[in-house]
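Trainee: Sequence:
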Amino acid sequence: MVAPAKATEIAPGNGWSEDSRSAPDSELQQHVAFFDRDKDGIIWPIDTFDGLRKIGFGYFWIIFGGLAIHLAFSWLTWGTWLPDPYFRLKVNRMHKVSLISSLRSAYTRFITKLQAKHGSDTEIYTGTGQFDPDRFDYMWFMYTEEPHTHITFLEVCTMVRGDYDPFDWFGWMTATIEWVSLMVLLDKGDGRMSKEDVKGV
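The numbering of the sequence shown is the UniProt record's numbering, which starts it at 1 and goes up by one.
It is possible that part of the hints are untrue.
Claimed, not checked - Cut-off 30 Å, straight-line C-alpha distance, at most; resulting in silico cross-link-like pairs (DSS-like, lysine-lysine):
1. Lys-188 / Lys-54
2. Lys-199 / Lys-39
3. Lys-54 / Lys-195
Keep in mind the hints are simulated off the structure, nothing from the lab.
Whole structure, please, built from the sequences with the hints as guidance.
Mentor: Shown next, in the form of structure tokens:
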């Protein structure tokens, strides 16, 4: 986690308070709050389906994306021992979910937190859910050709491969699906996505 500027301050990215309906405090929470139609801090699968439809995805991507998102992240964001039977997502727990310490095993000894963000990603969103514009610009500069205003499908493939963490099949597949979905959504027929369009999403 990012250390606060002063040792007496609270670290950033603590999420929504349970008794408050205020706006989310991290960019990642604001990003997913788009799908929370009734602004109650809980995203139902139907909310995700409706949000993807409003963005402009076809039925295949709506069903596939909605199911994949909720199946992958529901338990991580719900914060209970058992997964939510309705596969809902909590916006306030989207950026980080504490792992119940009694469930630690030899495999999870070194893992103290689970994040509702997958591995093998670009790290544009930090562990506290904050958008890192410098990291975005660096990633864009590293994987695109001059004048660095657009990214092509082959450059996306190179980027996803470059961000791959060893043995992280889930993260790699999720990153691939996200970028292909984004390409389908933002492609204007020339096989490229503009930097500002990607940043806007």
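Trainee: Would the hint linking Lys-54 and Lys-195 be met if the CA-CA limit is 30 Å?
Mentor: 22 Å, holds
Trainee: Against the 30 Å threshold, does the CA-CA distance of Lys-188 and Lys-54 hold or violate the hint?
Mentor: 18 Å, holds
Trainee: Just to be careful, I want the Cα atoms of Lys-199 and Lys-39 compared with a cutoff of 30 Å; is the pair within it?
Mentor: Between Lys-199 and Lys-39 the Cα gap is close to 24 Å, so the pair holds against 30 Å.
Consistency with the previously given hints is maintained throughout, with no hint failing.
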